[in-house]
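Participant: Line by line, the protein sequences give chains A and B.
For the first sequence, my numbering assigns the number 1 to the initial residue and increments by one for each residue that follows.
For the second sequence, my numbering assigns the number 513 to the initial residue and increments by one for each residue that follows.
Derived by calculation from the structure, the hints in this document are not laboratory data.
Bear in mind the structure is a predicted one, so any value in this text is a computation, not a measurement.
There could be a bad hint or two in this list.
Here are some chain A residues pointing at chain B (derived, C-beta under 7 angstroms) [said to hold, decoys possible]:
| # | residue |
| --- | --- |
| 1 | 85 |
| 2 | 86 |
| 3 | 93 |
| 4 | 94 |
| 5 | 242 |
| 6 | 277 |
| 7 | 284 |
| 8 | 287 |
| 9 | 456 |
| 10 | 460 |
| 11 | 463 |
| 12 | 467 |
| 13 | 498 |
| 14 | 501 |
Idealized CB from N, CA, C, for every residue including glycine.
Here are the chains, one letter per residue:
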Amino acid sequence: MNLTATIIFVSLFVFIAVLGFVSSRWRAGDLTQLHEWGLGGRRFGAWITWFLVGGDLYTAYTFIAVPALVFSVGAFGFFAVPYTVLVYPLAFSMLPRLWAVSRRHNFITASDFIRARFDSPSLALVVALTGIIATMPYIALQLIGIQVVIGALGFPSHGWLAELPLSMAFIILAVFTYTSGLRAPAMIAVVKDLLVYVTVIAVVIVVPLKMGGLGPIFAAIPSSKLLLTPPSGNNFGQYSSFVTLALGSALAVMLYPHALTALLSANSADTLRRNWIYLPAYSLMLGFIALLGYFAYAAGLDKLPEFKSYFGAYHAQFAVPGLLLHFFPPWFVGIGFAAIAIGALVPAAIMSIAAANLFTRNIYKEYINPACSDAQESHIAKLTSLLVKFGALLFIVLIPQQYAINLQLLGGILMLQILPAVATGLYTRWFDGKGLLLGWFAGVAWGAWMVSTLSFKGSVYNLHVFGYIIAGYAGFYALLLNLAVATAATALIRSAGFASTADRTLAADYIN
Amino acid sequence: MKHIVPAPVRKLGPLQIVLLAIPCVAVLVVPFYNRVEPTLFGIPFLYWWLCMWAPLSSVMIALVYKMITATSPE
């Protein structure tokens, strides 16, 4: 047991737990209203939104998984950088419209928007279910980040003693989310990001200094890993998969319920626009974090006898914790590990709030209790957030970790399939709800089929077209089919005169 | 609830869309950046090129923001 690191780690954890409880009084609102509990009253300004979105999209799992991928496969893992560079120009050009229409109609979820725009309860239900199903394994995945650092602190990696600290962390998370709503992760995100920035900057400076510069680190990487496999003959190599993964992930990320929750909690479209100027700072940091995979590889951490059992238990996911343990004094290890663990709590809290908002607004109020009062609505959302987190905890304790990773991959592919409805809906009412629904079914069915041929272990599918082998992100391919089906079906439905034109939003609602 | 009256914002024109598209294209032209040379402080081209576009995309977004919120038309 690493005592100094554990003490620092626990102290920081206690600090943010207190912060989580206190935050309900910050810019206090009436927490019996869903938009107060679930969107922080839509009152977050530029600074808080920056931390909230950053804390939300760059999760603990990112800090663990991206370097792990670079550690084990090399350049391909770097797709995370183009992916996050793509996000903000895209968001800047499209999402102020979503913010504006949501503010005018008090929409809390994407499903609320679809319900009003396309007059299609079934499309709205599908959008809500997609969000909930994709979010659940994502919450479970955050726990892996906590599990790895708890193991690295010297706690046993299996058995009830290993699960005790994890369960305690999650109970704290559940309780402060219940009492404070979105205000808790917003406040904790500030602490989390400061810890993350300090840790990453320290590692990026200290490790190359100790290893004789960046040159020797890159020189230690085999040339097959250093660059992407170029196309040869009829095969596109890694080029097509790199591009489709970056593009597909960028298009999917803002559709996730937790991303929309952070987006809609901003107090103005101007706050969002100014945010997207500064959010790429996180993308640069993600680039640095990805490089940590190479640092760990060059340092040969997996060959060190003291880390053998860890790499056995956590595989490449131990790359970053291993770097911290190998190059830094115990007190700094405590800070770095706390950054990772708290980095898991922030997105997990926002995700559970987002899933609860979806369930309450678009399933409970729509189908179970349409007459529920505002206070009941908020109460159900709080209970659902507890349930969602408890489910995620059971998931990670009872089911092999690999399942959560596989399900999260599948979730990303599902998430992308609501893009045609949400993105086209912001600009045009040409598409028909039934056509979009057919497109969604086609995309989900083909996406799931492609991933099943990969035994759910990956999301890069080899598409055979005209004798070429084009490896690409299954979610992206499914999206293309989805769009084609939605377009064709809408054209047919419109020409047959069956199209619904009802729309509760006005063109002016989207302008800000 | 306090109502915030947003400042009028102009629509994105062709120039603004091109500015926003530049970083997107720059990080997707894999055949161009999939190389080791020229290195920068020992970092192969692929890595510093991609990382460089994070701050550059900030600059592009800031330029577009200034253009669409400026009070006098350009």
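Participant: Checked against the structure, which of the hints given earlier come out wrong?
Facilitator: 4, 9, 10, 11, 12, 13, 14
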